[in-house]
Amino acid sequence: MIGRRRFLGLLAGASVASLAGPRAFAIGPRGRFRIARALYQGGNSEPHPDALRRLAWEIILRTSVDADYDFPAVRLDDPALFATPLVYLSGDRGFNPWSEAEVANFRRYLTLGGLALVDDAAGRPASDFNLSIRREAARLFPNAPLARLPDEHSIFRSYYLLRRVGGRVLVSPYLEGVQLPAHSPILYCRNDLGGAWARDALGRWSADCVPGGESQRQAAFQLGVNVALYALTLDYKQDQVHLPFIRERLR
Amino acid sequence: MSAEWLARLVGEGGQGWSRARLHVRQFEPWMLAAILAVTVAAVLLAAWGVSGRRDVPRAALMVLRLVAAALVLVLILGPAVELERATRRKSHVAVLVDVSRSMSLDDGGKTRYAEAVAALSGPALKAFLDGRDADVYTFGAGLKPSTREGLETTAPEETASDIGAALADLARRQQDRDLAAVVVVSDGGDAALAAEGDLSARVGDWPRAPILALLAGDAASFKDVAVVHPRAQSLGFVRHALSFEAVLAVRGLAGRKLVATLKQDGAPVQSQELTPRSGAEELPLSFSFTPTRPGTFLYTIEVPPVEGEATLDNNLVGFAVTVRRDQIRVLLLAGRPSWDVRFLRSQLKRDPNVDLVSFFILRDPDDPAGVPQDELSLIPFPVSELFTSALSEFDVVIFQDFGRRQFLTATHLENLRRFVEDGGGFAMIGGELSFGDDYVGSPLEAILPVALATPRATTDATAFRPVLTAAGRRHYLTRLDPDGAETESQWNALAQLDGVNVVGPLKPGSVALLEHPRLKAEGRPMPVLVVGSAGRGRTLALTVDTGWYWGFREAGQGGTNLAYQALWRNAVRWLAHDDGSKFVSLEVSGGSGTLPVKSRLMARTRRNDYGPLAGGRVTLSLTPASGGAAVGSARGVTGADGRFELEVAVARAGFYRARAVLEEADGQAVDEDERLLAVGGEGEELADPAPRPELLARLAAATHGQVLEASGRPPRLDEAASFRAGSARLVPLWDNAYVLSALLAVLAGEWWLRRRSGLH
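Residue numbers (our numbering), protein chains in the order written: chain A, 1 to 251; chain B, 1001 to 1760.
These are computed hints drawn from the structure, not numbers from a lab. One should not assume that every hint holds.
No farther apart than 16 Å at their CA atoms in a straight line, the calculated lysine to aspartate or glutamate pairs in the EDC-like style are these [to be verified]: (1) B:Lys-1110 / B:Asp-1218; (2) B:Lys-1349 / A:Asp-235; (3) B:Lys-1349 / A:Asp-239.
Please put together the full structure from these sequences, using the hints given.
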């Protein structure tokens, strides 16, 4: 093993001071980082149509990720779902139970490495979307229920070192998720991230972030960036080489 | 009194009696006491009867009465003479002369063996042996009959000296004969016996005769440096320290500075300096060496010759060590996070045989993070360290959409080139920065298996399905099924890819496994997946950044991700020269025993699916590890079980390199394997050949024998055993007329004298 001590020694003498470099691009548009939008029956699967575009713009701006502005809407039972390993599943109201085909395909997608960012856009604790998603999550992973993600989860350190969860509202101060041995296939935020990301046609924010204002919006973008980087790197930030730096900065 | 005189006295003279012994009747002690008491009482009574009488010859009467009592006592005790006619023969001794290799050493102008042979004619032994029946034997590993004359023409060439076994064998051979002594002439070079603390347990197996030990060799003038008691493991792992231990036995070289060196395949890797303080010292040697690549290596611990050394044969010990990987260490550098990188990283992380270190470029220099640096999880990129000191810690380096600008200097790339040429693996995977112009003319370009595009690098974003080549149907990387057609069918069924780096043609010696269906490079289909080599290393180029389609996307569309998993599992192993990727493996047996020894080489060949390869062309050879002509080789075709064997008789001891090469029909090597074989030889005989006078002294002491000096006095023996009984006769001294007549005469005389004196 190349031990932690060995690499700490390496890093102590490192002459290049960041993992920053010239931008690299995908060979073709389909090689880019693309987020799919989940379609489902009932409810409203696109409460903030502009949200993903704004998130992609921020990802491109802030990171080396070559993100795409195309966000294909895909049904959960569609094999095309596998063309996009990250799917954004949002809504502001309850939706119909998924078909068995949808559950089977989506479970296979999530088990084989796909990731779902679930965003409750209802903006209130008592949300039908919340009830619907918990119902379907229990069908997807009966043995791995949605639960609060620990503070040391990679989602909170995949790019930014996050200490809070932003969003348009603050329904929940933490993220929930389903954890499998290899990765967490479902990340669930109840704070309407899309509402914080979205702008109107004139470029103004679609909604105010309450109660934290712009810092809360920035926290929402930071979480969005972290979700993108988590989807692309998974537990990369849990590698031994990263941990000492992260612990020092979180101190 | 001589036996003959006594025999004549008892009327048995002139018959050549050589020994006479007196016997009397055996009585119980109380009976004997009673007889003596009665006799004394009778004498006292007789004396009392004549006391006070002046009229009788008291003295004469007392004498007669005492004589009569004595004669009666003779009759009661019944004395007899045992006459024995015995012969005196020459006593029988055995002479054991050491003929092991150490006896050929010269401690001062003459070999030990020559000294030994001369000693048998010297003052200590010549007369001794001439006066006795001497059975002469030589011994090394075993006992062999010889003669004193035969010793002159015998050469000391035995590869062991086992004094204990020789004595035990002698006891069996001589069990019907009484041995007066066993003469052992040796340098005491039986290290095993010398190491035994107490010899009394062994004496029971040896002849019941004293050992007369004579040392051959001069312990005082002996000079030698020997590397003895070697210890090392035969199996090690890359990047795990191997330890080699031995003892430097130094004799007669007090104060001399000595340097012991550990070598790997002849190349020095570590040295130790030692200075013995006394004339006989054993200095521990300990080396630790961390191999950086797998293989079978000959490690030696060597000490340079010292002037006047008895032998140079023990200045080196060797170890054949097979070094394997515990895990394949992979360094993955990605120019940006992408789905392609993510799935490759996940695949490598899942592989239990891979130890992965990965670095992603997460942020471009001009990207506004919007927060202070310490709110980011970014870490420094230790590029200089990775491409200098740490590079050798990896087996495989992968560049995935990784450009050289701002990161890699020409020195870094030169180090990477050297890493590959020294046996490392390198793969470049497609992306906008891969196969780019900034690699043109760099050391990295030299090791890529494919030429870079000219005049400048471009990409083609058109979707395409790569075409499996004929080589791809067979190759370890891309073979998905034992049947090449099935492999091709499976590749053809995989998802289309989006876009490709445009590259030049294959480099000489490289093999395209996948090709572009439309794009050309110098008129031939443009390679998409290429494997090649650079020096001892292997290289791979995959010119797409949507390879992950073969995994995740394929699995979602009704297929499986097995092709993707197999490709990368095999690719990493192939790049790292993993044993598991070999198409031929070699097994070697034999090597111990008396020279010449028979060694057996067996090549086991495999198809890409690891089934036995029937009809494979194989060349087997066995060559001295130090170089030179092969001692045996054969070229042939494997049987249905995929095996091909060769038996070689090896006449000289040493290390040999066995090699199996699997060849194409045109003679081009497909794969090869090799092993090191240690063949028989001296064993411990010359490991520490110092004369051991103390062992000979212990042998003599344990058998109540003596240590002899070649020029000293002959040994003294209790040679009672040299008398052999012949005929014997028991002649009674009382059962004859003389004794009876004497008694009657004495009694008659006493009666006549008493009557004459008037006594009754």
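Hint check:
no.: 1; hint: B:Lys-1110 / B:Asp-1218; in the structure: holds (10 Å)
no.: 2; hint: B:Lys-1349 / A:Asp-235; in the structure: holds (10 Å)
no.: 3; hint: B:Lys-1349 / A:Asp-239; in the structure: holds (11 Å)
In this structure, every one of the numbered hints holds.
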